[in-house]
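Student: Going line by line, the protein sequences match chains A and B. Residue 1 is where the first sequence starts when you use our numbering, and the numbers rise one by one after that. Residue 1 is where the second sequence starts when you use our numbering, and the numbers rise one by one after that.
It should be emphasised that the hints constitute simulated quantities derived from the structure, not laboratory data. Cβ atoms here follow ideal geometry from the backbone N, Cα and C, with glycine treated the same way. Accuracy of the hints is not assured; some may be wrong.
Short, incomplete list of chain B residues facing chain A, as computed with Cβ under 10 Å [what the hints assert, rightly or not]:
#1 17
#2 30
#3 52
#4 64
#5 65
#6 71
#7 79
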Amino acid sequence: MKYLDEYRDGDIAAKLVERIKRAQTKPWVIMEVCGGQTHSIVKNGIDHLLPKGVELVHGPGCPVCVTPLEMIDKAHAIARRPDVIFCSFGDMLRVPGSDGDLFSIKSQGGDVRVVYSPLDCLKIARANPDKQVVFFAIGFETTAPANAMLAWQARQNGMTNVSLLVSHVLVPPAIEAILSSPQNRVQGFLGPGHVCAVVGYTEYEPLAARFHVPIVVTGFEPLDILEGVLMVVEQLESGRGEVENQYSRILARGGNQPAQDLIAKVFEVSDRKWRGVGTIPRSGFQLRADFHDFDAERRFNVHAIDTMEPEICIAGQILQGIKKPHDCPAFGNPCTPQHPLGATMVSAEGACAAYYAYGRHLKDADLVMIGANGHGHN
Amino acid sequence: MCLAIPGKVVETFVHEGMHMARVQFGGVTREACLDYVPETQVGEYVLVHVGFAISRVDEEEAQKTYAALAELDQLSELDAPVVDEAPGTGSTTGSRTGSRTGSRTSS
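Next comes chain B alone, as it looks inside the complex:
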């Protein structure tokens, strides 16, 4: 569980003083805290560990790493239930299973 998962920042917002983002991982979008990589912009890729971005990565590296993690069955933390996400952002996780060949890994 020390592995961090790369995802694309699709939206940023401030919640209770924290820089937050919606980050897209394959077919799943989850919230992540950007306080540790505050310079991150929408459209960029970050490595996320338990809801916190710890490093920025380029798109090609993100694609490679995501594919490798999928291959290693190391994406299960994304399946943890969503807890009452921020207002207006919905609360649907969808299913990661079967969505890995979506836009991220096929491009």
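In isolation and in its complexed conformation, chain A is listed as follows:
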């Protein structure tokens, strides 16, 4: 545990907090984009360590959370077919659709399988030539190279029993939508580290310039987040709005070029609906025309499914940083990780699930110090 102790050293954290306090003279609202960062912030109580004038709000970067309800319903319609083996990342199994979740379809006899990698679908398809294997290709830019490779390999190998139900979303258009909203409170961003490891951060530069907003690409470990907050606060206090890279030990400005090359061959940018938010122009990927034979929506003719979001869940406002989980009347009762009303209560990276797991549904939530054991963790 040597490295962990070194890295989460309370002294270093305290010094970073002190530097943030010294730098900050005005109130600022900063959004962490990535769900992994949200989880780390809530688990380690980082928001409670910061001075009162620095407020962290939680962003849309949880792919499970933003997959729209109608796409879940399309997945369920396909997964119920007796000729289909439906493959998904484990996080999606408990996400509620209009009528149950994938887990319940599995319990009713549907062949729903959790896979580690999209490439597992190729093996399953070869072993089951009489079945249609469908992969629920969700995710942000980090997951796009993996999902692109599945489509690419399926086509290269002439596989007729593999298809993808694509619900891919992109971070920069979501940031643009948040900044363009009349309700926006966010003045600076912690950018998503592992997303940028794939696509780099050049796309964030015009956003930072246009909205004059600091965007600091940041890791997810507690000291990364504190350093990222410090860099954002320093920019805000000095009137700068630039892209900076806190996570340079992992990623460079250009990202991973071979991954970007394959993404561009398989996917093209399209409008996408975000759960609880609505359609954001040019905010996702769809398969290019060359790959339409591998598009599960076309293969199983589920285009027409269109679902309204339930009114009680305020996940859409939480994902845009307008509200926090405990602002929701359903938070903790009746909405819990065991009986979620919305996807932000399902994924460990969802703000509601993180708040619930670390006791934020209780009154006067205790301060959780960095280095302490996970208080209130189930």
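The hints should help you fit chain B onto chain A, whose structure is shown.
Tutor: Here is chain B on its own, set in the frame of chain A:
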């Protein structure tokens, strides 16, 4: 699920035209595609997301990041079942739970 997990490349091979590797994460070894970091050598560390290496990292960074992910309970994707892995490489996942204090985090 946008987090990538660091692991050590212990074997490389080509499967159906893809550069593949066996990558060791704590006590678990899984396959990963190296097509996006093709220069990677056996013994080096990579960040792996859903079976794809997306970046190379040095050993110290890999150790720190792995320990931090374990602390955040963000290693669950490694528990997904193994699907008929490549011939001759076995198909046992073992149990990640209880193996985190193995050679990677104690060194």
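Student: Look at each hint and say if it fits the structure.
Tutor: Hints, one by one, checked against the model:
no.: 1; hint: 17; in the structure: holds, 7 Å
no.: 2; hint: 30; in the structure: holds, 7 Å
no.: 3; hint: 52; in the structure: holds, 4 Å
no.: 4; hint: 64; in the structure: holds, 5 Å
no.: 5; hint: 65; in the structure: holds, 7 Å
no.: 6; hint: 71; in the structure: holds, 6 Å
no.: 7; hint: 79; in the structure: holds, 8 Å
Comparing the model with each earlier hint shows no violations; every hint is respected.
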